[in-house]
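Colleague: Work out the full structure: start from the sequences and follow the hints.
There are 2 protein chains.
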Amino acid sequence: MKEPILHSYFRSSTSYRVRIALKLKGVEAEYVAHHLRHGEQRADAYLALNPQGLVPSLELPDGTVLTQSLAIIEYLDETVPEPPLLPADAKNRARVRSLAQMIACEIHPVNNLRILKHLRQTFGADDAAVAGWFRFWVAETFAALEQQLADSGATGTFCHGEMPSLADICLVAQVANNGRFDVPMEPYPTISRIYETCMALPAFIAASPSNQPDAENP
Amino acid sequence: MKEPILHSYFRSSTSYRVRIALKLKGVEAEYVAHHLRHGEQRADAYLALNPQGLVPSLELPDGTVLTQSLAIIEYLDETVPEPPLLPADAKNRARVRSLAQMIACEIHPVNNLRILKHLRQTFGADDAAVAGWFRFWVAETFAALEQQLADSGATGTFCHGEMPSLADICLVAQVANNGRFDVPMEPYPTISRIYETCMALPAFIAASPSNQPDAENP
Numbered sequence: 021m022k023e024p025i026l027h028s029y030f031r032s033s034t035s036y037r038v039r040i041a042l043k044l045k046g047v048e049a050e051y052v053a054h055h056l057r058h059g060e061q062r063a064d065a066y067l068a069l070n071p072q073g074l075v076p077s078l079e080l081p082d083g084t085v086l087t088q089s090l091a092i093i094e095y096l097d098e099t100v101p102e103p104p105l106l107p108a109d110a111k112n113r114a115r116v117r118s119l120a121q122m123i124a125c126e127i128h129p130v131n132n133l134r135i136l137k138h139l140r141q142t143f144g145a146d147d148a149a150v151a152g153w154f155r156f157w158v159a160e161t162f163a164a165l166e167q168q169l170a171d172s173g174a175t176g177t178f179c180h181g182e183m184p185s186l187a188d189i190c191l192v193a194q195v196a197n198n199g200r201f202d203v204p205m206e207p208y209p210t211i212s213r214i215y216e217t218c219m220a221l222p223a224f225i226a227a228s229p230s231n232q233p234d235a236e237n238p
Numbered sequence: 021m022k023e024p025i026l027h028s029y030f031r032s033s034t035s036y037r038v039r040i041a042l043k044l045k046g047v048e049a050e051y052v053a054h055h056l057r058h059g060e061q062r063a064d065a066y067l068a069l070n071p072q073g074l075v076p077s078l079e080l081p082d083g084t085v086l087t088q089s090l091a092i093i094e095y096l097d098e099t100v101p102e103p104p105l106l107p108a109d110a111k112n113r114a115r116v117r118s119l120a121q122m123i124a125c126e127i128h129p130v131n132n133l134r135i136l137k138h139l140r141q142t143f144g145a146d147d148a149a150v151a152g153w154f155r156f157w158v159a160e161t162f163a164a165l166e167q168q169l170a171d172s173g174a175t176g177t178f179c180h181g182e183m184p185s186l187a188d189i190c191l192v193a194q195v196a197n198n199g200r201f202d203v204p205m206e207p208y209p210t211i212s213r214i215y216e217t218c219m220a221l222p223a224f225i226a227a228s229p230s231n232q233p234d235a236e237n238p
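One line per chain: the protein sequences are C and R, in this order.
Everything in the first sequence is counted per our numbering, starting at 21 for the first residue and increasing by one.
Everything in the second sequence is counted per our numbering, starting at 21 for the first residue and increasing by one.
Among the hints, erroneous ones may be present.
Heads up, the list lumps identical chains together, so a pair's fine if it works in one copy or across two of them.
The list that follows gives simulated cross-link-like pairs (lysine to aspartate or glutamate, DMTMM-like), each with its CA atoms no further than 25 Å apart [as the list claims (entries may be wrong)]:
1) K111 / E79
2) K111 / E50
3) K22 / D109
4) K22 / D146
5) K45 / E102
6) K111 / E23
7) K137 / E48
8) K137 / E60
9) K45 / E182
10) K111 / D97
11) K45 / E160
12) K111 / D171
13) K43 / D147
14) K111 / E98
Just so you know, these hints were derived from the structure itself, not from any lab.
Modeller: Dropping the structure here:
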């Protein structure tokens with residue numbers, strides 16, 4: 021069978037999420053890099069596939085192009101059931117999705133590259149202001165995420181029990197992103213512990229930014 | 021059976037999403053209002069339920085508190101299957117989730133109340149700058165959303181075929197929100213058509229901000 025094609029950028033944390041899911045599922049995918057800082061995602065050939073010009077997208081062998089990282093990961097989970105990235109029970113699935121969405125719908129959207137660029141252009145934000153913005157929105161949600169993870173009996177070795185899930189995927193990609201703005205991690209011992217646990221697993225290591233074909237020196 | 025409790029605010033577009041889903045599913049829920057502009061979501065009793073102090077949350081009869089609107093809606097869809105809010109086929113499910121996430125992960129997070137407040141406080145943004153910010157991020161994604169909906173044969177009376185789905189829920193709540201910042205809708209005829217179609221249905225009408233117990237005059 022032909023492999024799907026992952027359209028990615030090594031530093032994109034939403035691409036990182038999909039890379040982790042592919043590795044956890046053992047799905048091989050051809051890697052096509054689009055250099056966001058060079059605007060390669062705006063090239064005509066890519067816009068024909070994905071009119072938004074965003075990464076990631078997953079191009080299936082039949083030509084279907086899937087977009088939005090969480091939608092892609094849910095697709096992978098539905099079509100390649102093992103190992104599951106969501107628990108079996110509806111309440112637990114809601115818990116894992118909620119933890120994932122705290123990151124995917126609260127932190128990442130307000131901190132991604134195009135927002136930070138726009139802050140510079142529109143409000144004249146300098147490097148310090150941009151870094152302050154990034155750290156502020158991480159802290160807003162990470163404080164709650166840490167509390168939820170620390171307080172819940174459902175939290176285990178990973179965000180939910182003893183298997184990596186959609187929530188761990190989002191957590192790891194966000195923590196990696198935080199490193200670019202020196203977000204202090206001391207207030208988040210549970211998040212940090214889960215991050216370290218994940219980063220000892222081959223799937224998370226293989227998916228990490230520095231191990232992609234388009235990786236650059238920091 | 022006891023009803024679940026929906027913690028909501030009439031103007032909150034994420035609460036609006038969950039209200040639509042409850043009405044479409046025919047699930048009765050007790051409505052508890054938290055006035056966001058008065059900071060009621062930060063009251064101790066509510067923080068004990070939802071440490072983030074965000075609406076919506078859905079408190080189930082057994083005490084489980086579900087958070088994050090999309091996670092709540094997927095829970096409803098899994099536990100109350102009819103009418104389905106996602107298609108049966110994995111690729112189509114990915115399409116609907118992706119359309120929903122374009123709104124939920126790209127537009128809404130950068131335009132919600134706390135972000136707009138923060139822009140005022142941090143960058144001294146005035147009313148015009150805040151409205152400009154809001155309109156800019158709607159336009160960024162609505163242009164692509166309009167194109168995807170207009171170009172795809174999968175689009176029907178609704179975002180996907182002939183039944184309202186998770187995508188329509190997000191679309192309607194966003195379009196309603198746009199009205200508060202006079203976002204011009206002429207560039208988006210397909211989005212506008214779907215919005216009008218939805219707003220003729222009893223579930224969408226009953227869920228709308230002006231029909232909530234805590235509604236205020238505009």
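Colleague: Going back to the hint list, which numbers does this structure go against?
Modeller: Failing hints, ascending: 4, 7, 11, 13.
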